[in-house]
Structure formats: structure tokens, C-alpha cells
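Required output: the full structure, derived from the provided sequences and hints.
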Amino acid sequence: MILVSAAALSILVLTALLLVRETDLHKPTPVSPFQHLDERKAAIYENLRDLQFEFRVGKLSDADYQQTKLDLQRELAQVMAQADQLKSELKLSPQPVTLHEPRPTESVSAATRCSTCGATFPQPLKFCGECGAPMGSQQKGQRA
Amino acid sequence: MENIGALAILLALCVALYAAVASVVGKLKSKPYLILSGERAVLAVWVLITVASGILVYALITGDFHFAYAAGHSNHAMPTLYKFTAWWGGQEGSVLFWGWLLSSYSVIVVLQNQRRHRQMMPYVVAILSGVQSFFLFLSAFLVSPFEVLVSSVTHAITPVVDGLGLNPQLQYPAMAIHPPMLYLGYVGFTVPFAFAMASLITKQKGDAWIHTTRRWTIVAWLFLSVGIILGSGWAYHALGWGGYWAWDPVENASLLPWLSGTAFLHSVMMQEKKGMMKIWNMVLVASTFFLCIFGTFLTRSGVVSSVHAFAQSPIGKYFVGFLTIGIAATVYLILERRKFLKSESHLESVVSRESSFLFNNLVLLASCFAVLWGTLFPVITEALSDEKIGLDKEWFNRLMIPIGLFLLLLTGVGPLFAWRRTSGESLRKNFLVPCAAGLTLAAVLFAGGARSPYGIVALSFCMFVMCAILLEFYRGSRAIHQKDGVNYLKAAIELTHRNTRRYGGYLVHMGIVLMFVGWSGSAFNQNIMADVGIGDTVHIGPYAVEAVDFHTGDNGNYVWDSAELKVSKNGDYLGEMEPEKRLYTVSKQGLTHVAIRTRLNEDLYISLASVEQNGQKLTATLQLWVFPLVTWIWIGTAVLVFGTLVALLPSKVARQYARTEVVGVTRKHAVVES
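Going down the list, the sequences are from chains Y and L.
When we follow the working numbering, the leftmost residue of the first sequence carries the number 302, and every step to the right adds one.
When we follow the working numbering, the leftmost residue of the second sequence carries the number 21, and every step to the right adds one.
Treat the hints loosely; a few may be bogus.
[Said to hold, decoys possible] Simulated crosslink set (BS3-like; lysine-lysine; CA at most 25 Å straight-line): (1) L:Lys408 x L:Lys225; (2) L:Lys225 x L:Lys337; (3) L:Lys225 x L:Lys49; (4) L:Lys337 x L:Lys408; (5) L:Lys223 x L:Lys362; (6) L:Lys223 x L:Lys51; (7) L:Lys510 x L:Lys672; (8) L:Lys293 x L:Lys49; (9) Y:Lys328 x L:Lys223; (10) L:Lys51 x Y:Lys370; (11) L:Lys362 x Y:Lys388; (12) L:Lys293 x L:Lys337; (13) L:Lys293 x Y:Lys370; (14) L:Lys51 x L:Lys225; (15) L:Lys586 x Y:Lys388; (16) L:Lys337 x Y:Lys370; (17) Y:Lys388 x L:Lys223; (18) L:Lys49 x Y:Lys328; (19) Y:Lys388 x L:Lys225; (20) Y:Lys370 x L:Lys449; (21) L:Lys449 x L:Lys362; (22) L:Lys586 x L:Lys503; (23) Y:Lys328 x L:Lys225; (24) L:Lys51 x Y:Lys328; (25) L:Lys337 x L:Lys223; (26) L:Lys503 x L:Lys362; (27) L:Lys503 x L:Lys589; (28) Y:Lys370 x L:Lys503; (29) L:Lys293 x L:Lys672; (30) L:Lys359 x L:Lys223.
If you are wondering where the hints come from, they were derived from the structure by calculation, not from laboratory data.
What follows is the structure, encoded as C-alpha cells:
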């Protein structure tokens, strides 16, 4: 009885380990070569949003706010430059650093007014220039 | 059955080693089949350890006393709950339990990452399986839970009629879950460590390992915190020596990874926010993991004498070997990859939140080193002079109280500083109210007659930090209230929901402050010891305690003496209290069951030392304490747990990963300098 159980246990384990079929292999989620830069960019936007909020609640002096905002924008510019450099290294077709053309009315209004801080802009933006929160089509990805 | 159990462990060891090797070879040779086979091996290890654990638990519950472990840690009289908890109540079972928990965690990691982090996963599996192999090796060859009782005369398997039972001190509800909580914390830190090392090995750009393991780290930290406090609560409620922390080596062993883990939780924010302190974070996550292993080693090896004297065994040298190899490999890896860990920015100003985090890290690490030094001092002195010199509770208190107070202060100061820089104007704006509140409380306490410097300073700091945290909530809620017109409570909930990590963290800080309020009360403790006969009254503080009667009894599991006491405060009758002293029948071990009257302002705590016949008179020796504010420690723990759970919830505004091509344009400062 013991021998049978031991043999069954061993065979079960070996089968599980060694019987790997083609269909068992999971297709990995593709990883963008820009992922680390996108993460960094998202972190800077988040910092901008935090900065804006802390300024709004009165925790920061105007001078601190302006200086830190400028620093964050500098950092953002550096990350953008790194992304461009990586693009040229990867020989990707250069993307124009411009905004998308205005879309139908609904998405235009969503893309020109930030639902987080209420700031409005003359042209549609993916991210709020005031607080860094996602705008327009980006908001659809947000959790409720 | 014992053969199946032992075989399952041996097979699990082989399969865990296979998982480690297959994953690495699969990665190096680009063989996805081998990598998947390695991941399946992780699942197989879980099945095998579960089979072994099931056999052991079955033997403990059914009282199969031909198992040496069941005979040593279970008996017929024990309630079923404690028969189950005997799984981790002894050396052999607890090592198996460690392995089972790690295996369960590893399975979750593998299932979560079947499609993600495919570069790192082979090494993550290899590291988790490597650690797993070590514990399975111990279970298979050194501390097997499947040893059987063999007669020295006939050499036949000879079961005993009844087992010795679980250590009576462990037969206590909080103690039933204290070890698993600690172990969940200890084992949990293996996952962030594995991802951190895998990230280093594969030279990952970015902070993917931090994002992936953030919840693992917080959960492990939460379990560790709860485990430590449960142990503290057990000492207070069950041991009867009148305290909740004695700087015992095993208590310290659990505190060490908590301190470094707390430092890691803070410093990792610097990396996420500013890309700073990358090497430091690697060092911290590795230190925390190795301190967890070290904690298990201290508890299980008996290298330093402790109240946890149930653990004496020869496994110590294997732990030392494992730690040495692990630390050497980690140090080599960090040094070899240091170029990948270069900071992306620097500290702009000393008066900033970054520097408060730096201070926080330095102080936490200093306290970690101080506790480590104090814990190992007897071992060091014995090695140097053949004489074991232990450091007492006073030594730890002298050192750790000021450090703890400084940390408390930093808890309040940190959120008042802004990231990057804080001008004098901002400082004045943020510090005015909390400082005024703290100083006012100090003046009130002094005017009220309090003279303990530590007590006054601690309570004032608590007030300062509490004000700073409440101010954060108030300011944020006011902004939402003004914008959306909702009431302040809804605004506070909305605020927390928008950034659960930050405001959950503040709630955790609030919990820590409340715990400090409880600890500060110890500066005002009162204590007496008295022999009382029936009808005698003893006084302590405002309380009068009268002995009404003494009782004795036997319930099969233990015999007991108890004292029936009538308690009044300032002449008002409050009720009866009945402290008890037990002697467990089989193990002949004693246990004190204290009587505690708990209120928010203070606890009356009575322990029965003994009941003796003195000539014609029956007398009881009572120890009485008044512990001011101690309940706030347990309330603070509940707040800490709540805050941590809040921090684990996803924020309303989740972090977005913008496409690289898109550039936002700012209304102000449209010209960006490069």
C-alpha cells in the first residue's frame, strides 16, 4: 500500500513536470522598450499632481510651488529627450511632438477640461497641464 | 503514514532543487519549456508539502502517538484548536510550516506572473526555490517531523498512551495565531527580495520590481507588525510578569526585520518619486530578508537563551552557512551591478521630505543595529572572553527610548515638509499649530504634577504628530468640501480614496502615535506585591482590593488555584476579579492567568503568584499593577491594521502609463529648459 502510494505520488509529480505541451506555454504580455521611461513620466505627472494639490490646500508657499514645478518640468523634458534618443536608437519613425487633431465634440470637451482640477485649455490634452491628471480618452482607463 | 510524509518531503526537496536549476538553465538557454517546467515544479512542491503537513496535522488531531512529534506536542485532553496549532508549536513542525507558507507564497507569485515579468520570473522562481530547498533540507534530514518512537529494548515502533501536550504557555488564543502571523511576515519578505535580486540579475531598467512587490511588502510588514503585537499582548495577558516587552532575544529577533522593513517601505518612495536611493533600497530589502532568516535562526537554534527556550537544536550551524552564502552572493551582486543603480536625481535641500526620509532611514537602521548588538552581546562576549554577559532591559530602554522618541518626532515632521524644498514661509505655515499643541500639552502635564521627563516629552510628541496628521486630513478635506460642497466626513473619505497610499500611511502613523501614547503611560506605572488572607485588603493607587475567597479545581488538562477578589475605586465598588494559577497535569508546567480590569485611562492588573497554607490561615501572594494608558497600545494596533488595509486598496486615480509619443503642454512655464 505504502509502495503503491509512493510510486503514484512520484509518477504524478514527474508527469506534471515533464509533460509540457506547446499549448501550455503562455504568451507573455509584450513589454514596450519605453516602459521604464513611461513609468518615470507617470511618476513625474503624479508628482506634479501632488504638488498642485499641496499648493491648493495651502501647504506650500508660492515660491516653493513655482520652483518645484519648474524642476519637475525639467525632469519631464529630460525623460522625453531620453525617449527620443531611444526611438532613434531603435530606428523607429519619429513621432511629431504635437497634439492630436480635435476629435468629435464629446471627446474634445473631455480633452480640454480637466475633470480633476477643473482647469480648461484652448486645445485638447492627454494630460492636464495644471495638475498632471489624465484627460480625455486617457480618463477611460481610470478606475471608478 | 510516516513513510509517505517523509517521502513527500524528500520528493519536495528534489523538485524544489529541480525548479531552481530548470528555471535558470531554461532562461540561459532560452528554453521556455524548461522555464514552464520549473514553474510547475513550484506547484508540485506545494502539493507535496501540503501532503506532508496534512499527515502531520492528522496525527496531531487524532492522537497518533507513534509519531514522536505528536507525542511531544499533543495529547488527548487538549482542545482541537491547540492540537492543530501544535503544527507550528515545536521545532520540527514549525520548520515544515515555514516551508509550507513559502511554498504557498511561491505558488501565488507563479500564478500571478504567468504572462508578466517573464525576464525576471526564472530567477524569481530560482531564488524562491533555493530558499525553499534549504528549509526542506532541514525538514528532510535534521528536524524531521516524521520520526517515530522506537523502543530501545525491542527496537519496535512503540506508541505512548498519551502525549505531553503543547507547551501550556502556547495554549492561549493570541498565542495560537502569533507564530503564523510572524511567519507570514518573515516568509513574505522573501518575495520582494527574490524580485529585487532577479531585477539586478537581469539588469532591468525602471522600478518594475518595486511596483510588483509593493503589496507583498506591505502585507508582509502588516503580518509582522500584528505578529509582534500579538506576542506582546500574549506576554501582557498570559505570562503575568506585568509587562508587554522585555527585550528578550526572540522578541528582538522579530523587531529587527520590522525596523529594516519599515525603513525600506519609506525609502522605496524616494526611488519611485525621484529615482533616488536605488542601492540603498536593494540593501534594505536584502537586509530585511536576511534578518527574517536570522530571526528564525535565533528562535529555532537556541543560540541565545530566551523565554522561548522550547527551541534547542543542532540546526544553528546550517542557518549560519545559509546566511553566509546568501549575504555574500547578495553583496557581490549589488557591487557588480552598482552602475545600474545610479541615482537619477539628487537631494535639493536639507529642509525637504527627502531628507526627513533619510533621517528616518538612518534612525531606523541605527535602532536596528543597536537591537542586534544588544541581542548578540552575550554571544560576542562568550566568544571573546568565555564569559556570557547579557544586556538587561534597562540597557535597551536607555538606548531605545530616545531613539523611539526621535522616530516619533520624524513621523510628524515628515508630512509637514514638502518634496524637494520647504521655505521658511511654508515651515511657519505648517509647523505652527502642531508645535503649539505639543507645547501646550507639555505645559498642562507639568502643571498637573507630572515630572517624568520621558513621559512628558513622549506625550507632547504624540500630540504634535497627531495634530500634524489631523491637519493633513483637515486641509485636504476642506479643499474637497469647498470644491464639491460635500460634508467634511465624505470629503475625508474621498480624500483617502483619491490617494489611499498616502492617507492610509497617515492612518498607520496615527496608529503608531496611539501606541506611543500607551507606551508613554509606563512612565507612570504603579506596582506592589502583597500576601493576603481571606478578608484582608490591599491598596494600590485609588484601588482597594479585598480577598473574598480562594478556590481550587482540576479539569483533567490542568489543576488550578484562584483568588476571588472584590475591587473598589475611591470607595466605589467596581466588581470582582479572579486571577488564576494553573499547573498542567501532563507536562507539570505552570501558567499564570491574570485578571485585568481594562479602561481607556488605565488597567488594574492582578497576578496570583501562589496560594499557601500558613498555619491555620490560607494566604495568597498577589502582584498588583496599575498601568496607565496601556489600552491605547491595542487600539493603536487596530488603527495601524486599518491604515495598512486602506493603503493596500487601489487609489481612485490610478497611476497612468502615458504613451511615449504624447507630450502634455503646460499653460504656465510653457518653455521648458533642458
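Holds or violated: are the alpha carbons of Lys49 of chain L and Lys328 of chain Y at most 25 Å from each other?
Roughly 18 Å separates the two Cα atoms, so the pair holds.
Distance restraint between Lys586 of chain L and Lys388 of chain Y, which requires alpha-carbon spacing of 25 Å or less
Not OK: Lys586 of chain L and Lys388 of chain Y at ~82 Å, beyond 25 Å, violated.
Straight-line alpha-carbon gap Lys503 of chain L to Lys362 of chain L, limit 25 Å
42 Å, violated
Given the hinted pair Lys328 of chain Y and Lys223 of chain L, is their Cα-Cα distance within 25 Å?
Answer holds: Lys328 of chain Y to Lys223 of chain L is near 22 Å, not above 25 Å.
Pair hint outcome, Lys225 of chain L versus Lys49 of chain L [Cα-Cα no greater than 25 Å]
22 Å, holds
Does Lys225 of chain L lie within 25 Å of Lys328 of chain Y when you go C-alpha to C-alpha?
22 Å, holds
Lys337 of chain L and Lys370 of chain Y were given as a pair; does the straight-line alpha-carbon distance stay at or below 25 Å?
Roughly 55 Å separates the two Cα atoms, so the pair is violated.
CA of Lys370 of chain Y to CA of Lys503 of chain L, is that 25 Å or under?
Satisfied, since the Cα-Cα distance of roughly 23 Å is no more than 25 Å.
Check the hint pairing Lys223 of chain L with Lys362 of chain L against an upper bound of 25 Å on the C-alpha distance.
12 Å, holds
Between the alpha carbons of Lys293 of chain L and Lys337 of chain L, is the straight-line distance 25 Å or under?
Outside the cut-off at roughly 42 Å; violated.
Lys293 of chain L and Lys370 of chain Y were given as a pair; does the straight-line alpha-carbon distance stay at or below 25 Å?
14 Å, holds
Are the Cα atoms of Lys359 of chain L and Lys223 of chain L separated by 25 Å or less?
10 Å, holds
Violated hints, in rising order: 1, 2, 8, 10, 12, 15, 16, 21, 22, 25, 26 and 27; the structure is consistent with all others.
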